[in-house]
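Student: Sequence:
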Amino acid sequence: MERAAGWQLSLQDWEQIFYDFKGRNRSKWLSQCPGLAILEQALYIVAKKDYPFKPQLLAFIEENIDVLIGDDDAEEALGSVVEALRTVLESPLDNLNASSLLKEQMMTTATVAMVVLDGLHIALHHLQVLVEVLLGVINRPNHGLDRQARGTACECLRELEKAYPCLLHACAGHILFLFQSERTHVAQSYTLLLTTTLHNLACYMYTTPGSRSGGASSFLSTSAPLTPFSVPSFLVTSDPGEEALSVPSRELTSGVLKEFRRVVGLLLERPQLLTSSGMLEFVSSLIDIAAALELQGSILKLQLYSFIYTYNPLLCQVVLMIYFHFMDSFKGEEGAIFKRLNLLCNDPQQPSVIRLLAVHWLLGLERLLLSKDRKPYLAMMAPSMYPLIYDPLSLKALKLDTLAHCAACVQSMGTEIVTQQQSGMSNAPPLQKAEAASKLFKDGSVCLSAFRWLPSWSSETRLMFRMMHRFFTVDVMHSQSEPDDDVEPFRSALFKTLEARLISLSLQFRRLVPCLLMLVDR
Numbered sequence: 001m002e003r004a005a006g007w008q009l010s011l012q013d014w015e016q017i018f019y020d021f022k023g024r025n026r027s028k029w030l031s032q033c034p035g036l037a038i039l040e041q042a043l044y045i046v047a048k049k050d051y052p053f054k055p056q057l058l059a060f061i062e063e064n065i066d067v068l069i070g071d072d073d074a075e076e077a078l079g080s081v082v083e084a085l086r087t088v089l090e091s092p093l094d095n096l097n098a099s100s101l102l103k104e105q106m107m108t109t110a111t112v113a114m115v116v117l118d119g120l121h122i123a124l125h126h127l128q129v130l131v132e133v134l135l136g137v138i139n140r141p142n143h144g145l146d147r148q149a150r151g152t153a154c155e156c157l158r159e160l161e162k163a164y165p166c167l168l169h170a171c172a173g174h175i176l177f178l179f180q181s182e183r184t185h186v187a188q189s190y191t192l193l194l195t196t197t198l199h200n201l202a203c204y205m206y207t208t209p210g211s212r213s214g215g216a217s218s219f220l221s222t223s224a225p226l227t228p229f230s231v232p233s234f235l236v237t238s239d240p241g242e243e244a245l246s247v248p249s250r251e252l253t254s255g256v257l258k259e260f261r262r263v264v265g266l267l268l269e270r271p272q273l274l275t276s277s278g279m280l281e282f283v284s285s286l287i288d289i290a291a292a293l294e295l296q297g298s299i300l301k302l303q304l305y306s307f308i309y310t311y312n313p314l315l316c317q318v319v320l321m322i323y324f325h326f327m328d329s330f331k332g333e334e335g336a337i338f339k340r341l342n343l344l345c346n347d348p349q350q351p352s353v354i355r356l357l358a359v360h361w362l363l364g365l366e367r368l369l370l371s372k373d374r375k376p377y378l379a380m381m382a383p384s385m386y387p388l389i390y391d392p393l394s395l396k397a398l399k400l401d402t403l404a405h406c407a408a409c410v411q412s413m414g415t416e417i418v419t420q421q422q423s424g425m426s427n428a429p430p431l432q433k434a435e436a437a438s439k440l441f442k443d444g445s446v447c448l449s450a451f452r453w454l455p456s457w458s459s460e461t462r463l464m465f466r467m468m469h470r471f472f473t474v475d476v477m478h479s480q481s482e483p484d485d486d487v488e489p490f491r492s493a494l495f496k497t498l499e500a501r502l503i504s505l506s507l508q509f510r511r512l513v514p515c516l517l518m519l520v521d522r
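First residue of the sequence shown: 1, per the UniProt record's numbering; consecutive thereafter.
Don't take every hint at face value.
Think about it this way: if two alpha-carbon atoms lie no more than 30 Å apart in a straight line, the pair counts; the simulated DSS-like pairs of lysine-lysine are [claimed, not checked]:
1. K372 - K331
2. K375 - K258
3. K372 - K339
4. K331 - K301
5. K28 - K258
6. K496 - K439
7. K375 - K339
8. K162 - K301
9. K442 - K375
10. K48 - K28
11. K258 - K162
12. K439 - K375
13. K339 - K301
14. K258 - K301
15. K439 - K339
16. K496 - K375
17. K48 - K22
18. K439 - K372
19. K375 - K331
20. K442 - K496
21. K372 - K301
22. K375 - K301
23. K258 - K339
Ranges between beta-carbon positions, derived for each pair [what the hints assert, rightly or not]:
24. H325 - K48: 49 to 55 Å
25. R452 - K22: 51 to 57 Å
26. L343 - P240: 48 to 54 Å
27. P92 - P225: 25 to 31 Å
28. K375 - D521: 35 to 41 Å
No lab work stands behind these hints, which were simulated from the structure alone.
Each residue gets a CB set at the ideal place from its N, CA and C atoms; glycine is no exception.
With these hints in hand, go ahead and build the complete structure from the sequences.
Tutor: Structural data, given as structure tokens:
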């Protein structure tokens, strides 16, 4: 840092550096001066009070740290970064807002540099100092002035824990205490930090089945102070890139399992503290924890199942993730999930993206049920999947694909599904499977009737022929016949309906004959 003070780059130089490093001219600067010198000059400027490019400098370091610093200079570079971080954190709050943002970005930059340059194996001491500094920042729960900085420090520690599994295993008890104490809006960051620490303990450390009797030392112990911090010895001796393999396996005794259950219960008590994206990360980790510890999925379902009735796609995805991993906990609930997603995809007030996503979810759930030899639901809901006249073309196309899938299911599974669907709609007698599949095609194509008056190259016309091709091919793909009997699908009532439609179109609309020939070729 001292030598950087005697070597100055002007504002114009830095502007040119920012531009050149985004292209191919970075070698021009690296040939003039070492990357370490550029880094130290940038850090020296960040520590000064009056400079307009501090955020841009830190972003430049994050994006180009691997280009600027080689293996030989990595330890010295990380030492300079950690020293600059301590200087920035200890500086007085002259401008409260600007200083707080600078501290947050400096913590992020230091963490990125430590992970990219692999500080664990290159600069162990500097990694310990960085973790100790970050732990000191988060160890002030409910402190109002620096709450944003505490949230950023939690995120930085979480990234270090992801890069080096079980790095913070000895701090789990302290992190739990901080999580319980925090009441400001950055409680999400403490929640995710605790969840990530718990995830690595369950998936990497407590992997040996125990006798479920007897005791072991609690992983939530707070007898040791939070700081000073030292990196666990098993990580120190690990090989680069294989840190997870170095984590020692410990017995999952009944006492340890009880502690895990208690912490999971505490985490699930406050889902309202999380944003939708935070909830997605949170539940992803909890699913892995539950699977590793062989916990019942009903623990998650009980607290989070109501999210399926929201209009937030991320929260709906949370419930579907739980369903995918713990299907047995949702016995009898599949129909309600299908109905909810069906309402979502047919709600015209929802954005098209969400409605498209809901149809994809329905198709994915149907495939999942079929792969598990479960009762399918989508064919029974086929009448509610007809495209509406004002639906976007993309949504119409996806709904028509769904109807083609339903038609194939109806033909291959018999009249039971059709009987249930009819009894739910009216008192009309049930249709035979051949009639039902043909009816899906006829009713589904009503929304595309405008193609009759449009040119052959219009979107509606292309979509109509795409629909016919889909009904042709999906019937063959769902056929369970032997290779010698591949002609059987072409004798079905659905195929004859499609054949009649092609003949009718060729007679009534000669301008569509080229499109019909292309369809036949396909």
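Student: Does each hint fit the structure? Answer for all of them.
Tutor: Do the hints match the structure? See the list:
| no. | hint | in the structure |
| --- | --- | --- |
| 1 | K372 - K331 | holds, 13 Å |
| 2 | K375 - K258 | violated, 37 Å |
| 3 | K372 - K339 | holds, 20 Å |
| 4 | K331 - K301 | holds, 12 Å |
| 5 | K28 - K258 | violated, 60 Å |
| 6 | K496 - K439 | holds, 12 Å |
| 7 | K375 - K339 | holds, 15 Å |
| 8 | K162 - K301 | holds, 26 Å |
| 9 | K442 - K375 | holds, 26 Å |
| 10 | K48 - K28 | holds, 27 Å |
| 11 | K258 - K162 | holds, 24 Å |
| 12 | K439 - K375 | holds, 22 Å |
| 13 | K339 - K301 | holds, 18 Å |
| 14 | K258 - K301 | holds, 20 Å |
| 15 | K439 - K339 | holds, 22 Å |
| 16 | K496 - K375 | holds, 29 Å |
| 17 | K48 - K22 | holds, 25 Å |
| 18 | K439 - K372 | holds, 29 Å |
| 19 | K375 - K331 | holds, 11 Å |
| 20 | K442 - K496 | holds, 12 Å |
| 21 | K372 - K301 | holds, 20 Å |
| 22 | K375 - K301 | holds, 21 Å |
| 23 | K258 - K339 | violated, 37 Å |
| 24 | H325 - K48: 49 to 55 Å | holds, 52 Å |
| 25 | R452 - K22: 51 to 57 Å | holds, 53 Å |
| 26 | L343 - P240: 48 to 54 Å | holds, 51 Å |
| 27 | P92 - P225: 25 to 31 Å | holds, 27 Å |
| 28 | K375 - D521: 35 to 41 Å | holds, 38 Å |
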